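Those sequence lines, one after another, are chains X and F.
Take 1371 as the starting number for the first sequence in our numbering and just add one per residue.
Take 1371 as the starting number for the second sequence in our numbering and just add one per residue.
For the record, the hints were derived by calculation from the structure and aren't laboratory data.
Fair warning: there could be bad hints in the mix.
Identical chains blur together in the list; that is why a pair holds if it fits in one copy or across any two.
In the BS3-like style, the derived pairs of lysine-lysine whose C-alpha atoms are separated by at most 25 Å in a straight line are [said to hold, decoys possible]:
id	residue 1	residue 2
1	LYS1687	LYS1460
2	LYS1554	LYS1586
3	LYS1554	LYS1502
4	LYS1382	LYS1718
5	LYS1406	LYS1502
6	LYS1446	LYS1406
7	LYS1458	LYS1446
8	LYS1382	LYS1586
9	LYS1458	LYS1705
10	LYS1533	LYS1586
A quick note: this is a predicted structure, and the numbers were derived from the prediction, not measured.
2 protein chains.
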Amino acid sequence: MNNSYMQFRNFKMVDYVVYGRGCFNQLDEIIAPHRKADAPMIFLVDHFFEGNPLASRVPLRGNDEIIFADVTYEPKTTYVDALANQLKEKYGTVSGVIGIGGGSTMDLAKAVSLMMNNSGSSADYQGWDLVKQPGVYKVGIPTLSGTGAEVSRTTVLTGPTRKLGMNSDFTPFNQIVLDPELCKNAPGNQRFYTGMDCYIHCIESLEGTYLNEFSKSYGEKALELCRYIFLEKDVWDDECDDKLMMASYAGGMSIAYSQVGVAHAVSYGLSYLLGTKHGIGNCIVMNHLEEYYPTGVAEFKRMVEKGGYEIPQGICKGLSDEQFETMMNVSLGMKPLWENALGKDWEKIMTREKLRALYEKL
Amino acid sequence: MNNSYMQFRNFKMVDYVVYGRGCFNQLDEIIAPHRKADAPMIFLVDHFFEGNPLASRVPLRGNDEIIFADVTYEPKTTYVDALANQLKEKYGTVSGVIGIGGGSTMDLAKAVSLMMNNSGSSADYQGWDLVKQPGVYKVGIPTLSGTGAEVSRTTVLTGPTRKLGMNSDFTPFNQIVLDPELCKNAPGNQRFYTGMDCYIHCIESLEGTYLNEFSKSYGEKALELCRYIFLEKDVWDDECDDKLMMASYAGGMSIAYSQVGVAHAVSYGLSYLLGTKHGIGNCIVMNHLEEYYPTGVAEFKRMVEKGGYEIPQGICKGLSDEQFETMMNVSLGMKPLWENALGKDWEKIMTREKLRALYEKL
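Extracted from the complex, chain X is given alone in its bound form (with noise of 0.2 Å):
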């Protein structure tokens, strides 16, 4: 359904939730009734857990594949069209896909599925409601919390010429499996990073001009979530991560009439340069945003304090004249986002200059 004369964005959900602590096991009885004759299903799993006991207990029957996917970069529109042609020779369909990792995962997992029932590029779908047919199944299987990319209508990619979301209603996932026990071996600092990004984008969002009670109350509920994580826990154990599974559900629904802010619009431009991954990204700069979000900016640096994580400082050093201004361009560009933060008339407000110089302090 296209939204575009819509003064409402008619949110589309995906189909089914299953939330559980070891409700990974139900993931065969799942994707059963999903299976179509000779066509596998594929299981594109975060590298990182190559060689995991986790990979040993993805269900494979007959000629499904796991593909570990190499997420060291956020997934980039070639890497789309090379898991999909690939696919498409071998197999000519196949039953579904199934993500299992941190957002760039779940998002490659999602652009993949799209791109097996789309001809040409995943790059010529970047952008509002292109997308023209629905993708073959696909499972979303988050083992890191925070982006909320389970639940949302984006799947975001690095494509030749920009940074932009296959946004549509066909993007969302027919199923999602939250299963906080997948997370407890995540390292300390990603985990924070993650989680990070759905706390930022609640503070961006509730102090945006863009908002209304149903992305309010999911907000709220997310950010009360991190706060009792990151502050009141001294210890991080199984309720941490159940909770942060709810918060980051919670913070990508509070997307569907919200919109993010600063923080996200300059770390866009991070990640098109230097490739930067969006939650260390969002916490690099959310680090020096007190001008913009005073009692967050705070409130984030007790988290990081607490919980001692490191936050890299430096990293647009010995950047050419150049490398700033696609930089700045990038960022730009996300209207929306200052139009959000800074209101109608954001472009007096963050000059040029002024977006230098915060390029140079990071």
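Once you have looked at the hints, place chain F on chain X.
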């Protein structure tokens, strides 16, 4: 998908959600892609709106029809069957069924949609996962908030032998339209009774033994919204309608992995015997449950007092022993509710004598 063998329920979501003041105006556009040749859209509208301006805003096209639904009593299987049969005879099939009203109207719309594509009587499908075929396209548009019927996978019906839902993955709506403006002129007491359905089921589920973080986070949010609306606010304004609509949605979602308790179990007996509507029935019972939910009942009484709402008393006066037996049998049949509230040994706690004494107080 049959969930009977799964440890964790795989929850079917509604397909599309639109939320916003005035989004009812988008209904014509939203349903347009679902119109099929000569098959009409059927608008099942709560009879409360007969002659009301809302009825004239229904986007009728071609042979579309408004049917004013008599929801004086909760929906009966006989009424569902009569409506579905009448539509089948008149049109063969319909493009969709759109329920506009409170929980009863929405449940009726879901049930009629299912019965357009399933043979026999709706009474044949009261239970879990008995429905064989998807229904026709169905849309839920609440004009009262609190029941959660807009997101549930059931449709509670009073049948020849029991009050039980057609609980299946085919039951949830394809689309819900959440427009808080539609609740503006609801009668105060009715609005309270329906809102308390949400409040009471959150108390029951959060204090119950069946719960996980998914349902907890939704339940906590719904409860927080109810407390704000009914205890902190001094006048009823648009913000109350906005937030109560989200409380209802969140309360409905929280049912995925939780269960209601004593108030619902006892209230089901009243509904079955006396036709007491669900919202008011829960309030009548909650008023006397200090022993089971001391904090919740005290808070409920403060809400009643603050708003000056009327809770009927003495409704069981003069009933015969046989009638008390009928209510008790219906109530004690709700085993999962009792077990959630009182644990595995609930039968030792809630004896027939004790339940009889409770009914006599109502």
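Hints, one by one, checked against the model:
1. LYS1687 with LYS1460: Classified as neither; 45 Å inside a copy, 75 Å across copies.
2. LYS1554 with LYS1586: between (29 Å within a copy, 21 Å between copies)
3. LYS1554 with LYS1502: neither (38 Å within a copy, 40 Å between copies)
4. LYS1382 with LYS1718: So LYS1382 and LYS1718 fail the 25 Å test inside a copy (35 Å) and across (47 Å) alike.
5. LYS1406 with LYS1502: both (22 Å within a copy, 21 Å between copies)
6. LYS1446 with LYS1406: neither (29 Å within a copy, 40 Å between copies)
7. LYS1458 with LYS1446: Within one copy, since 19 Å is at most 25 Å while 52 Å is not.
8. LYS1382 with LYS1586: both (18 Å within a copy, 24 Å between copies)
9. LYS1458 with LYS1705: neither (37 Å within a copy, 51 Å between copies)
10. LYS1533 with LYS1586: For LYS1533 and LYS1586, the Cα distance exceeds 25 Å both inside one copy (27 Å) and across copies (36 Å).
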